[in-house]
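Undergrad: Chain by chain, the residues run as shown.
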Amino acid sequence: MAFTEPKEAFPGSIYDVTFGTERTVTFGGEHGLAFHGFEGAAPHLPVIAFEVQDSLPDDWPEAVHDVYAGVSGDPAVWARFCQDELKAQAIALRLLSTHPDREDRPAADAAKTVADVLDAVSVPIIILGSNHVEKDAEVLVAAAEAAKGRKCIIGKAQEKNYRTITAAAMANDHLLIALSELDINLCKQLNILITQMGYARERIIIDPMCSALGYGLDYTWSVMERIRLAALAQNDAVMQQPMLADVGMYAWKTKEAQAPEAELPRWGSLKQRGIAWEAITAGSMLLTGAELLIMRHPEAVASLQQFIGELSAADER
Amino acid sequence: MLIIGEKLSIIAKRVREAILHRDRSPIQEIAVSQWRAGAGMIDANIGPADEGGEALMEWMVTTIQEAVPLPVCLDTTNAGAVEAGLKVHDNTWGRPMINSTSNDPERFPMLELAARYNALIIGLTVGRGGLPADAEERCALAAEIMGRAMECGVPLEDLYLDPLVLQIATSQDHARHVLNAVKMFQELNEPAMKTVVGLSNISNGCPKQIRPVLNRHYFTLLMHEGLAAAIADPHEVAETVKTLDVLQGRIVYAHSYLEM
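Chains as they are written, first to last, in our numbering: chain A, 1 to 317; chain B, 318 to 577.
So here's chain A without its partners, still in its complex pose (with noise of 0.2 Å):
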């Protein structure tokens, strides 16, 4: 008697996202697990967005630091560097310098380096405020409307913020990233919120808080795979959104990433540390059922390709 491979089909599947305008990026679309393409159909591969902040990359470690030496001054220069000389397929422009911490620019500043930044490239815009609940209220909307009709996506709109900047999104027609940390059940309930206010939920992506490899990924990783679920074998229609791994800023804080050869020589090469720290957390998220990823250095961003070229082409078979 002839194997039959054993193949699981789900009721539910992932709604697409596309956003950009000049140049577009779709991602999500799915009918079944992250590479799992011999099951169900994943009509598009997951997209990496290069990270650009309004600030300068000061606490990033060298080895990512050095990278973006003489562009990381002006935000629209290092993007346009993302996207000409690194072949970005997405730009994700983070408005560090509004935080209260840092520089606490006001909300008219970040509106300007959204028009510069949209003025200087042509990929697709991810728009993050500084993570401060209250400025990013004020931050995002004016943010949302420098970049109106450039249809990007914006966030990310918390439990504590989301009606102001959810209004922002679809006032200005872009999409939106929901964080919730690290709870499945508050993911699910900020999606109904944000859909109650009529946005759609088909323009939500979902953000389940990222963590990096040995810093508790394993609590990212089975959150977002009982999200992955939830959406494919209970059909749940409000947990059916892609989600976003915003890996980069995760991965460079860690002690690998950052500790430096003389006092552990046994750890080997910083450099490859923290490129390998990134590629290896962004690698799991994209396992566990991310689309969307945010990262730094460029050597992982070309390693993760990879690895998405060969998973999805295992798919093909």
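Bear in mind the hints are in silico, worked out from the structure with no lab data behind them. What you are looking at is a predicted structure, and each value in this text was computed from that prediction instead of being measured. Each residue gets a CB set at the ideal place from its N, CA and C atoms; glycine is no exception. Possibly wrong hints are sitting among the right ones.
[Stated by the list, open to error] Here are a few chain A residues that sit away from chain B, every Cβ distance over 12 Å (derived from the structure):
#1 E5
#2 E62
#3 P265
#4 I308
[As the list claims (entries may be wrong)] Which chain A residues stay away from chain B? Per the calculated CB distances, all over 12 Å, these:
#5 P6
#6 V25
#7 L33
#8 D66
#9 D74
#10 D101
#11 R102
#12 E103
#13 A108
#14 T164
#15 A167
#16 G214
#17 D236
#18 K255
#19 G268
#20 A302
[Unchecked claim] Label-pair ranges, simulated between beta-carbon atoms:
#21 B:N408 / A:K87: 30 to 38 Å
#22 B:R567 / A:D183: 13 to 21 Å
#23 A:A233 / B:E423: 41 to 49 Å
#24 B:S350 / A:P43: 33 to 41 Å
#25 B:Q526 / A:E145: 49 to 57 Å
#26 B:R567 / A:S269: 26 to 34 Å
#27 A:N185 / B:W410: 31 to 39 Å
#28 B:H572 / A:E5: 36 to 44 Å
Starting from the known structure of chain A, fit chain B onto it as the hints suggest.
TA: Quick look at chain B alone, frame taken from chain A:
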């Protein structure tokens, strides 16, 4: 859980009058209201309908499906009326259901209709010999109906076994017998047989204010035993369905789960 909205029954005065005058709007209003409350199918109970049953069922099915994107459960003892309903049923929204066959030879033609029109069918576990005494007798009747379904070419997945809910006020022991039967029916085949009940029969004849209480609590127990479908008032059971979906792990909890 498939909720088959019970409100379009000729027993209800408003429905009876609408039928009498062929007035579509009350029928459609009731259908829409049940659909919004979570019904996955609408029961069209036209009674025995000995005279003019064919035309009436046709009118009911088209009137309902004009208003809601749902399949219809054709509820009458008149096989000709069932066939007339099947002929006009729009399967875009799901397959129709026949309510019902049983172990009474008069109801055998319903199975042939189910086979011919690829319809779902309810198998009521009663026969000529009166009401079943307990869960075991219900199982014996179920086995007879299953055998006949297979002979007629109706797949067992399309058969919903109905253990016949009786009134708590007059037949208290049967509340337990029916719960047992729902559990035992599922074991009669692999994959498990589907089960259905006419829920509000449990509180028939009880004071109006306690009927929803009895219905909802009984429904909870039935769902726990693995009930697949219920002919019920969706307004009355919607919260129970959603809550049990959460408690039994079929759906992820969120504070607003009742609003979904």
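Undergrad: It remains to establish, for every hint, whether it holds in the given structure.
TA: Hints versus structure:
1. E5: Holds, since 21 Å exceeds 12 Å.
2. E62: Consistent with the label, A:E62 stays out of reach of chain B, its closest Cβ about 43 Å off (over 12 Å).
3. P265: The assertion about A:P265 holds, with a minimum of 47 Å to chain B.
4. I308: Holds, since 28 Å exceeds 12 Å.
5. P6: Holds, because the least Cβ-Cβ distance between A:P6 and chain B comes to about 17 Å, which exceeds 12 Å.
6. V25: holds (29 Å)
7. L33: holds (17 Å)
8. D66: Answer for A:D66: holds, closest chain B Cβ roughly 44 Å.
9. D74: About 43 Å separates A:D74 from the closest Cβ of chain B, which puts it past 12 Å; holds.
10. D101: About 31 Å separates A:D101 from the closest Cβ of chain B, which puts it past 12 Å; holds.
11. R102: holds (34 Å)
12. E103: holds (37 Å)
13. A108: holds (36 Å)
14. T164: holds (20 Å)
15. A167: Answer for A:A167: holds, closest chain B Cβ roughly 19 Å.
16. G214: holds (28 Å)
17. D236: It is violated; A:D236 is separated from chain B by about 6 Å at its closest Cβ, not greater than 12 Å.
18. K255: Label holds. Min Cβ-Cβ 34 Å, cutoff 12 Å.
19. G268: holds (42 Å)
20. A302: holds (36 Å)
21. B:N408 / A:K87: 30 to 38 Å: violated (51 Å)
22. B:R567 / A:D183: 13 to 21 Å: Given range 13 to 21 Å: holds, Cβ gap about 20 Å.
23. A:A233 / B:E423: 41 to 49 Å: At 43 Å between Cβs, range holds.
24. B:S350 / A:P43: 33 to 41 Å: Roughly 39 Å apart at Cβ, these two residues keep to the hinted range, so it holds.
25. B:Q526 / A:E145: 49 to 57 Å: holds (55 Å)
26. B:R567 / A:S269: 26 to 34 Å: Once the Cβ atoms are compared, 50 Å apart, the range 26 to 34 Å for A:S269 and B:R567 is violated.
27. A:N185 / B:W410: 31 to 39 Å: Cβ of A:N185 to Cβ of B:W410: about 33 Å, so the range 31 to 39 Å holds.
28. B:H572 / A:E5: 36 to 44 Å: holds (41 Å)
The earlier numbered hints that this structure contradicts are 17, 21 and 26.
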